[in-house]
Amino acid sequence: PAAVDNLFKLHTPTYDVHVMIFIGFGFLMTFLKRYGFSSVGLNLLLAAFALQWGLIMQGLWHLEDGKIKVSIFKMINADFSTATVLISFGAVLGKTSPVQLLIMTILEITIFGINEHLVAEILGANDVGASMIIHAFGAYFGLAVARMLYRPALRNSHENDGSVYHSDLFAMIGTVFLWMFWPSFNSAIAESGTDQLMAVTNTYFSLAACVLSAYAVSSLVEHKGKLDMVHIQNATLAGGVAVGTCADMDIGPFGAMIIGFVAGIISTLGFKFLTPILASNLGIQDTCGVHNLHGMPGILGGIAGIVAVALGKKNGSAAMQGAALASSLGFALVGGTITGLIMKLPFWGQPPDQNCFDDSIYWEVII
Amino acid sequence: PAAVDNLFKLHTPTYDVHVMIFIGFGFLMTFLKRYGFSSVGLNLLLAAFALQWGLIMQGLWHLEDGKIKVSIFKMINADFSTATVLISFGAVLGKTSPVQLLIMTILEITIFGINEHLVAEILGANDVGASMIIHAFGAYFGLAVARMLYRPALRNSHENDGSVYHSDLFAMIGTVFLWMFWPSFNSAIAESGTDQLMAVTNTYFSLAACVLSAYAVSSLVEHKGKLDMVHIQNATLAGGVAVGTCADMDIGPFGAMIIGFVAGIISTLGFKFLTPILASNLGIQDTCGVHNLHGMPGILGGIAGIVAVALGKKNGSAAMQGAALASSLGFALVGGTITGLIMKLPFWGQPPDQNCFDDSIYWEVII
Amino acid sequence: PAAVDNLFKLHTPTYDVHVMIFIGFGFLMTFLKRYGFSSVGLNLLLAAFALQWGLIMQGLWHLEDGKIKVSIFKMINADFSTATVLISFGAVLGKTSPVQLLIMTILEITIFGINEHLVAEILGANDVGASMIIHAFGAYFGLAVARMLYRPALRNSHENDGSVYHSDLFAMIGTVFLWMFWPSFNSAIAESGTDQLMAVTNTYFSLAACVLSAYAVSSLVEHKGKLDMVHIQNATLAGGVAVGTCADMDIGPFGAMIIGFVAGIISTLGFKFLTPILASNLGIQDTCGVHNLHGMPGILGGIAGIVAVALGKKNGSAAMQGAALASSLGFALVGGTITGLIMKLPFWGQPPDQNCFDDSIYWEVII
Numbered sequence: 001p002a003a004v005d006n007l008f009k010l011h012t013p014t015y016d017v018h019v020m021i022f023i024g025f026g027f028l029m030t031f032l033k034r035y036g037f038s039s040v041g042l043n044l045l046l047a048a049f050a051l052q053w054g055l056i057m058q059g060l061w062h063l064e065d066g067k068i069k070v071s072i073f074k075m076i077n078a079d080f081s082t083a084t085v086l087i088s089f090g091a092v093l094g095k096t097s098p099v100q101l102l103i104m105t106i107l108e109i110t111i112f113g114i115n116e117h118l119v120a121e122i123l124g125a126n127d128v129g130a131s132m133i134i135h136a137f138g139a140y141f142g143l144a145v146a147r148m149l150y151r152p153a154l155r156n157s158h159e160n161d162g163s164v165y166h167s168d169l170f171a172m173i174g175t176v177f178l179w180m181f182w183p184s185f186n187s188a189i190a191e192s193g194t195d196q197l198m199a200v201t202n203t204y205f206s207l208a209a210c211v212l213s214a215y216a217v218s219s220l221v222e223h224k225g226k227l228d229m230v231h232i233q234n235a236t237l238a239g240g241v242a243v244g245t246c247a248d249m250d251i252g253p254f255g256a257m258i259i260g261f262v263a264g265i266i267s268t269l270g271f272k273f274l275t276p277i278l279a280s281n282l283g284i285q286d287t288c289g290v291h292n293l294h295g296m297p298g299i300l301g302g303i304a305g306i307v308a309v310a311l312g313k314k315n316g317s318a319a320m321q322g323a324a325l326a327s328s329l330g331f332a333l334v335g336g337t338i339t340g341l342i343m344k345l346p347f348w349g350q351p352p353d354q355n356c357f358d359d360s361i362y363w364e365v366i367i
Numbered sequence: 001p002a003a004v005d006n007l008f009k010l011h012t013p014t015y016d017v018h019v020m021i022f023i024g025f026g027f028l029m030t031f032l033k034r035y036g037f038s039s040v041g042l043n044l045l046l047a048a049f050a051l052q053w054g055l056i057m058q059g060l061w062h063l064e065d066g067k068i069k070v071s072i073f074k075m076i077n078a079d080f081s082t083a084t085v086l087i088s089f090g091a092v093l094g095k096t097s098p099v100q101l102l103i104m105t106i107l108e109i110t111i112f113g114i115n116e117h118l119v120a121e122i123l124g125a126n127d128v129g130a131s132m133i134i135h136a137f138g139a140y141f142g143l144a145v146a147r148m149l150y151r152p153a154l155r156n157s158h159e160n161d162g163s164v165y166h167s168d169l170f171a172m173i174g175t176v177f178l179w180m181f182w183p184s185f186n187s188a189i190a191e192s193g194t195d196q197l198m199a200v201t202n203t204y205f206s207l208a209a210c211v212l213s214a215y216a217v218s219s220l221v222e223h224k225g226k227l228d229m230v231h232i233q234n235a236t237l238a239g240g241v242a243v244g245t246c247a248d249m250d251i252g253p254f255g256a257m258i259i260g261f262v263a264g265i266i267s268t269l270g271f272k273f274l275t276p277i278l279a280s281n282l283g284i285q286d287t288c289g290v291h292n293l294h295g296m297p298g299i300l301g302g303i304a305g306i307v308a309v310a311l312g313k314k315n316g317s318a319a320m321q322g323a324a325l326a327s328s329l330g331f332a333l334v335g336g337t338i339t340g341l342i343m344k345l346p347f348w349g350q351p352p353d354q355n356c357f358d359d360s361i362y363w364e365v366i367i
Numbered sequence: 001p002a003a004v005d006n007l008f009k010l011h012t013p014t015y016d017v018h019v020m021i022f023i024g025f026g027f028l029m030t031f032l033k034r035y036g037f038s039s040v041g042l043n044l045l046l047a048a049f050a051l052q053w054g055l056i057m058q059g060l061w062h063l064e065d066g067k068i069k070v071s072i073f074k075m076i077n078a079d080f081s082t083a084t085v086l087i088s089f090g091a092v093l094g095k096t097s098p099v100q101l102l103i104m105t106i107l108e109i110t111i112f113g114i115n116e117h118l119v120a121e122i123l124g125a126n127d128v129g130a131s132m133i134i135h136a137f138g139a140y141f142g143l144a145v146a147r148m149l150y151r152p153a154l155r156n157s158h159e160n161d162g163s164v165y166h167s168d169l170f171a172m173i174g175t176v177f178l179w180m181f182w183p184s185f186n187s188a189i190a191e192s193g194t195d196q197l198m199a200v201t202n203t204y205f206s207l208a209a210c211v212l213s214a215y216a217v218s219s220l221v222e223h224k225g226k227l228d229m230v231h232i233q234n235a236t237l238a239g240g241v242a243v244g245t246c247a248d249m250d251i252g253p254f255g256a257m258i259i260g261f262v263a264g265i266i267s268t269l270g271f272k273f274l275t276p277i278l279a280s281n282l283g284i285q286d287t288c289g290v291h292n293l294h295g296m297p298g299i300l301g302g303i304a305g306i307v308a309v310a311l312g313k314k315n316g317s318a319a320m321q322g323a324a325l326a327s328s329l330g331f332a333l334v335g336g337t338i339t340g341l342i343m344k345l346p347f348w349g350q351p352p353d354q355n356c357f358d359d360s361i362y363w364e365v366i367i
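Protein chains in written order, with UniProt numbering: chain A, 1 to 367; chain B, 1 to 367; chain C, 1 to 367.
There's no promise every hint is true.
Which copy is meant is left open, so a pair is good if it fits within one copy or across any two.
To be verified - Keeping only pairs whose Cα atoms sit at most 25 Å apart, straight-line, the calculated SDA-like set for lysine to any residue is:
| no. | residue 1 | residue 2 |
| --- | --- | --- |
| 1 | K69 | T110 |
| 2 | K272 | V99 |
| 3 | K224 | V99 |
| 4 | K272 | V164 |
| 5 | K69 | I56 |
| 6 | K272 | G283 |
| 7 | K314 | H117 |
It should be emphasised that the hints constitute simulated quantities derived from the structure, not laboratory data.
Isolated chain A (complex conformation):
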């Protein structure tokens, strides 16, 4: 029957998204030299918890005969809501306890559910690859939390807040899996058929163009034309984020490539110039630079969506697209601020400054 075909047709993108969540995000964060256990381990914990909480939250919005029903489609959506938490996790990586992170998960997924309902059902905005409701939302939520948890003592960087050779290679496992499967992420809930095909190809082209600009800019801004591994691990993915909203729109290969190319530039420049300023001037210590990978490219994606709808590339209203972007940012900043305040309460076991970015506070580590 139809339900079964559906299961099968959704099977592959479901797994691809699953791989992005657990391997992609998990290993991307292993770049820190002494925080690999927490990166991949807490990623697993938070994601496994978030999947369940996400299914419950969705179920409450869509009760059937008073019951929560489960479907493959809802499981993909639960993976999606999990992604927001993992993006925010990147902003506070190394500076929070597991209990704080579980609290963040509960609150963030709840607020995500409200904003998603508003954007998709009330505003009727397009956001198939979720540039706005996942990437921008997750990034600014995490940045607001990071602002609330500001640690003055970490202004002069911490000795463990950096990578070693092999930790950077572990992180590349995450990068490459994210890069490869991003077309599935952006097409997973696209309408089957031409729309889904476009979502795959647009994302593919955006990512390919983004790699080129990320490498070029990294080489341009670094000393002696060298490449910086942080840029390669992250900015090469910004094209996937930025093309998300437009992924199933008829923007053409060149449209997609322009979006990706610009995203790679913005993201790399952000890592080089903006992240240090945010830390020193605004008190926002963004461990993984999620502002550069998810925040700015997410906004770029939202704006591209406004323009594309205005140009008639998809049914919809440019005003509603704009409202969706504003709503996502607003919920993220307000929600993140409140969540950060709650996380700051003194009884959640937040690690002291000197134990930040160090697995040995939460794990049995043999040195």
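For this one, chain A is given, so just place chains B and C on it according to the hints.
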């Protein structure tokens, strides 16, 4: 034609199971600091050999016109039979020569084939995710072999019988791939349709619940509430094992979650308290703790299957389910004991005690 | 509609090939102790660039209404053309600048397109898994480039031209993903149905047999019967290369196994005995030994194809198969020589001898 559709429909779960066998099991065992080459390398050798031997064994049970015919379905089954060998490999990891392991492969797959035929064809028992015929069988077979190969000199643990920071991260690659694709393992041979859908969702819920209990118990039993990487690498997967027999039964999300939750507890407690006792009191030196990941959760899965069939969640007979569990354990213990005795013969190149857990006895290693 | 079904049916092999290109090739080359960033990083850069260039080149050969049209089928083909570049990259790994490699990419994909058109359209030869047009072509192209870029100062091996323990484990990630997904590579463009099924099973059997012979020969030729990680990382894959041309032919499981078995032997012996001779006597310094993994097994595949067509295992002409092999080798050697001469021009930033095999010349590396 139907055969081709079949190829395609089975394509994805086939590959997922393949990834579990070669990446999952292979990297899960790389946690030992000086035994990574053997873990992933011998895993590849044994699996490639076992696939072929498994196809021949299956073929002999199901001759068509006197010929062995190959199909995608039989290739999945060959991957399954391979899994039993890799589970047993975990029990004797670091203490056996490649030749000993090849002998174990030949014997174990042969005995597996007999037990599988008995359970599936004669007893007609349900075991879609193979809690009994793969996990419990493979674990107790391996433990029986380990008992036969007992090394008194290793009672006080060997200096190489432990992990280092990056070897634990390599192992997490295995853990996460196993965790992600376990729903495919448990659903690969389920009846297409609702049964397969249930096998996917039940496994997904069981695994998600299992992660939570494994983390909770690990933190409870460890010093200062810390987490132990061994528990996270292994016990988070016990939910996949334990829900195997019931995976395609109508046990509901909560039924699946309870099974996974209990499995996570049992498995973590087993690593903490039971493995040392087995080693010191019974002479069973279980390198990877397969008793905790596959043995006890496999029995739990068998018992859950008996209960579920008794409650009418699936056609079948509770008595036959019980007989299937007993048969699997019996064949494993007797078969493993005999196999262990054969492996103990003095001309298979078993490594001396001081070279255990050390790649350099079988590999050219540059230190 | 048909196009959409097509999208879906091609989805899984597409992604499998994608994983081989980005994870498989990328991590396979991380075996060098100080060249991991470049291996996986430049692999990503070259592949992302090559995909786009490959689509343009294909598009020019197959203009539709004066336009380049994109399809999933063409995207697979672009991945395929990318593979040739990554094979050649292996031959010159550690001795070329990113700019040199981009020039090689542009030229090699262009020449690949000409040869592929000749082989497939003009000669009408069979080469479904591309033993000739990708593997042999890419290898001999790279070897010709390496000959042109010969560095006498590296005759006595460079201190960084070797592996360390964990770099070899990273490389095994590449090996295992390549091994697992090779059946998809060889079947991706096979005719849907029985042909595709045969391409999957033949590749599976060839690879399984190849593992056994590679391990056996490695142990036979090494000191004290030890295994060499270089052989295991590479020669275990030669069966996938060698069965490529015949993959969709009715050669039977034993035919496939014989091809794989022989490929494993040739490849391992090549690493042990031939590579040193090529370097010392012919001035061909083949960093990854692509001659052993892709070159000789590719020729073996071409010859097996000639024999199989002569035996009537597939429609076609043995003479045309022979011409296809000769064409692939000819274009590779001539094209590679010209490309190597262009790459030798003094303004592409080729690294000096003492900085070969060292990430720190192109990457910000914290030691």
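Hint-by-hint comparison with the structure:
1. Proximity of K69 to T110 under the C-alpha cut-off of 25 Å is restricted to the intra-copy arrangement: shortest distance 18 Å within a copy versus 43 Å between copies.
2. Proximity of K272 and V99 under a CA criterion of 25 Å is satisfied inter-copy only: 23 Å between copies versus 32 Å inside one chain copy.
3. Within a single copy, K224 and V99 get their C-alpha atoms only as close as 44 Å, which misses the 25 Å cut-off; across copies the closest is 15 Å, which meets it.
4. Proximity of K272 and V164 under a CA criterion of 25 Å is satisfied intra-copy only: 19 Å inside one chain copy versus 32 Å between copies.
5. Taking the shortest Cα distances, K69 and I56 sit within 25 Å of each other inside one copy (9 Å), while across copies they are farther apart (44 Å).
6. Proximity of K272 to G283 under the C-alpha cut-off of 25 Å is restricted to the intra-copy arrangement: shortest distance 17 Å within a copy versus 43 Å between copies.
7. Taking CA atoms no more than 25 Å apart as the test, K314 paired with H117 passes inside one copy only; the shortest distance there is 20 Å, against 38 Å between copies.
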